[in-house]
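Residue numbers (the numbering used here), protein chains in the order written: chain A, 1 to 567; chain B, 1 to 567.
Hints are not guaranteed to be accurate.
Restricting the straight-line Cα-Cα distance to at most 20 Å, the calculated cross-link-like pairs of lysine to aspartate or glutamate (EDC-like) are [as the list claims (entries may be wrong)]:
(1) K203/B - E50/A
(2) K21/B - E55/B
(3) K203/B - E42/A
(4) K421/A - D313/A
(5) K395/A - E186/A
(6) K185/B - D313/A
(7) K4/A - E171/B
(8) K312/B - E186/A
(9) K285/B - D313/B
(10) K203/A - E42/B
(11) K202/B - E42/A
(12) K202/A - E171/B
(13) K202/B - E56/A
(14) K202/A - D35/B
(15) K202/B - D35/A
(16) K202/B - E50/A
No wet-lab data here; the hints were simulated from the structure.
There are 2 protein chains.
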Amino acid sequence: MYSKRLINAASGREPCDIVLKNCRVLNVFTGEIIDGDIGIAEGRIAGIGEYKGKEEKDLEGRYVVPGFINSHVHVESSMVTPQVYSVEELRHGTSTIITDPHEIVNVGGADALIDILNAADECPVNYYIMLPSCVPCTEFEHSGAVLDARQLRLFMNEPEVLGLGEMMNAEGVINNDRTVSEKIKEFSGMIIDGHAPMYSGKKLNAYACAGINTDHESVTFDEALEKLRCGIAVLVREGSACKDLEAIIKGVVESGIDTSALAFCTDDKHLADIRREGTIRSNIKKAISLGLEPAKAFQMATINAARIYGLKDTGAVACGYKADIVVLDSLEDVEIADVYKDGVQFKNITEPEIKEKKMMRYNTGLMHSVNPAPLADDAFDIPEREIYPVIELVKNQIITKKLIMTHEQITENLKNGSVRKIAVIERHHSTGNCACAYITGYGLSHGAVATTVAHDSHNIIVIGDNDSDMHKAVEQLKKINGGYTIICDGKVAGSLPLEFGGLMSTISADEFIPMLDDIIKKAYELGVDKDIDPFITLSFAALPVIPEIRITDRGLFDVTDFRFIEE
Amino acid sequence: MYSKRLINAASGREPCDIVLKNCRVLNVFTGEIIDGDIGIAEGRIAGIGEYKGKEEKDLEGRYVVPGFINSHVHVESSMVTPQVYSVEELRHGTSTIITDPHEIVNVGGADALIDILNAADECPVNYYIMLPSCVPCTEFEHSGAVLDARQLRLFMNEPEVLGLGEMMNAEGVINNDRTVSEKIKEFSGMIIDGHAPMYSGKKLNAYACAGINTDHESVTFDEALEKLRCGIAVLVREGSACKDLEAIIKGVVESGIDTSALAFCTDDKHLADIRREGTIRSNIKKAISLGLEPAKAFQMATINAARIYGLKDTGAVACGYKADIVVLDSLEDVEIADVYKDGVQFKNITEPEIKEKKMMRYNTGLMHSVNPAPLADDAFDIPEREIYPVIELVKNQIITKKLIMTHEQITENLKNGSVRKIAVIERHHSTGNCACAYITGYGLSHGAVATTVAHDSHNIIVIGDNDSDMHKAVEQLKKINGGYTIICDGKVAGSLPLEFGGLMSTISADEFIPMLDDIIKKAYELGVDKDIDPFITLSFAALPVIPEIRITDRGLFDVTDFRFIEE
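Chain A with its partners taken away, still in its complex shape:
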């Protein structure tokens, strides 16, 4: 960090590398707007004042704010590599992301973590990592890997690592579960992210007492306020599915509470949404439109997050800080005129550096991670019974309902197309595990839809109206090393390879976005209900922590009773 050259430039003994002249700089420490020139050397801010530079640019009185910090994000949700994702973030002003590679590590374990750490070094943003705390997510399914406290410890001193990722096993925390407490103890000197939706009262107190530092699951102001009072920093989330910002920020504005323990995040946001409006940029804009003082909104997006995560040289346009800078045409509308990362203009970052680096320095295993055991012809047979438990999908939500249907109802509904078969096939270790059940609410007039994105263990999920297309879909996913596929009458009607771990594509954003649009369109053409996302909804069908009923490779799981449904 120490740089003789930077000190010489700051003191005026040497010219700066670049000087941004005629700026109106937001100072996040004092909340003021300061007029001046920004001197930059060695990728850092030398000072604000009158500086001379080898290169000078007149910003003509535009606002300058620090690069934004996305304080909690799962990059896998974008389905592109960290390198490609980072450029999309940076385009809209986010220069620092704090990520939890929970999904890919559930597939590839320590190997995947090493790939992501290597990828982080190639990204044009400050790419920090919270180590996934829940691998596997639950004991009710087979994931690709297990990371215990000892394995996590191996990574805790890596320079990109800030602490332990969201501790989703909140019940395990407050009940002193041994495998959970081992991890928490190990990371007590670092930051520990929480995940405590609707936790309150003594349960929340117990969770905070374990040493949890942040939470991004608050959906109301009251929930956020109670967490803040407990000493848990609140990361206000606005992603593609979860939109919590309006409720929380309205409460903040009305109550006038201190905002220093609040920051912004997206958690999960799709690439096309990011391309359209950015991430933290749109959070700031929305917060200001709801009445939050602009200075406070930008503090949440920058220095607050930096302080919460202990980042010393990020989150401010101030002496010695990284020259991660956003130039704005308008403060309130967060209209981005330009972005600098380490003092380099955005247009000079994307072109030469990323194009050749967009591929992961992947290890072979993760590029061939779809390895189901060969399926028997009758793998998707469901034995005849008097009644059947059925998964009912709920429109525009990820919860499901548990229905009971008689044999006659099933027969009738399969015929009229309101019920389909769904199967989950273990794909990491060729165990041959396979479970099959009935599902309603998906639509799909004919064919099979399948994915290797299947939270959180990412086995194969396939849904269909006939066993033959379902078999073919599994074969196709194996062939493309994972991704999305649609099979109709034995033919591939659509295919989106996600060859890195079955979760992420290694192509560019420009290539990827239309391919994704295309396969979603194809699914709707085949009759998937328009109020359902054909693949994302499917990907949550195997997550055994969200009510009421799920299917894993081990069978149908009743989330309310927290146990498998016996045949």
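For chain A, the structure is supplied; the task is to place chain B on it using the hints.
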């Protein structure tokens, strides 16, 4: 930090150790006052709500705030041990101190640092240490020790150590001095305290760019504001001599700037002043009286300092935080009703624990640190010259003036008592170094006054009207292993042993305060000028960084020219 018992108490499964009922708790995260009971277990806050405890205390609606943090203090200025000092701080609500043992380490080096680290473990406050960055302070005198970057590195992972202490060699920082930059590089991942009085513009920018995180030397609001804008946290100082708070806080209130990068400190405050009004307690009270919102004043005194120094479980009354608590009868007047440290009431801390632990676990060397070489009878002779440079003390200030007097003037002034001899004798390594000169403005009708407290190298300083009493004073200091002494006609007229390094007494505060009062009174009786502190003024006569003229063991030093005055 992880405690199963705490989690069980927080969740209500087990009773708390103690519950403080009916409190009005200041929440430093939100700025609110929350009514409730505070549950405490294992010395930490389990939660606020309705808790049952093995012991319960009704606080009858009193305010509860977090224990205060003194963010920068030299304990040596109190002249008592860390253990004794800590109790005086805690009495007035300070439960965390961040100290720089710069003085004692300049005497005893790494051995002294180990003593202080050991003492820290016995203190009833959170006793954090910033490693002294300037040992020796300058090259113009012989101190007791040298600590280079390599030696400092040995201590950087000690649990009490937060970073590098105030980097007083600010010119060395901005000019890339090698021994300075080595230390800064070593500590770039930790906190580095600054010391940049009146630094501004490009010099200040360069200083900040080196990675300096804090400064406590601002005396005006404009100076503080400029440092804040640079990203340097401002520790607002109110000690016995330096009183900067009014100027800075008035500016903060008038400008309405954000206060999150501001904290409070004392730097140097005498024990009797602390006993009378406390430290941070009086800072808060004064800040509120100047119009600062109480919540903001308490945030400065607690969570702000904790965030600046990266302390995770201190500075808030919130789940999992240390139960370091101040109970107030009044928020605005900061009238302290009670103090808890780690959940233990103050009255139960002082009596049993401290009385037997007040002695340092000293190493033998530091209890025998006054080792001047035997002095020749003519050691204090000053060779006859035509003119002499003379040190002039300035009333109520620590700066000095350089005067020139002829031989005739000297002879006359020695006779009328306005000029006295001053000598500095190297006392660490028996080098035999001794310098003698003339001084005016001190008073003293007859006898000799001497001290081993002599910033920053702490050699022996003696002043007198006759060589015999001066010799005797040096002998007496050697005999008592350092401290203050007054000799008159060959007899000891006053003696205050400071046997730990010649800087600190190992007796209790109750014993120490009257002894100090007594020897100061004695000095005034012997004619020391009433506008001079007989010992503190003397202790700065050897500090070769404050204008205009000083005397070290190597000779008279012209601070303006930054060189020794040739004979």
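Results of checking the hints against the structure:
no.: 1; hint: K203/B - E50/A; result: holds, 13 Å
no.: 2; hint: K21/B - E55/B; result: holds, 10 Å
no.: 3; hint: K203/B - E42/A; result: holds, 18 Å
no.: 4; hint: K421/A - D313/A; result: violated, 53 Å
no.: 5; hint: K395/A - E186/A; result: violated, 41 Å
no.: 6; hint: K185/B - D313/A; result: holds, 14 Å
no.: 7; hint: K4/A - E171/B; result: holds, 14 Å
no.: 8; hint: K312/B - E186/A; result: holds, 15 Å
no.: 9; hint: K285/B - D313/B; result: violated, 25 Å
no.: 10; hint: K203/A - E42/B; result: holds, 18 Å
no.: 11; hint: K202/B - E42/A; result: holds, 17 Å
no.: 12; hint: K202/A - E171/B; result: violated, 54 Å
no.: 13; hint: K202/B - E56/A; result: holds, 18 Å
no.: 14; hint: K202/A - D35/B; result: holds, 16 Å
no.: 15; hint: K202/B - D35/A; result: holds, 16 Å
no.: 16; hint: K202/B - E50/A; result: holds, 9 Å
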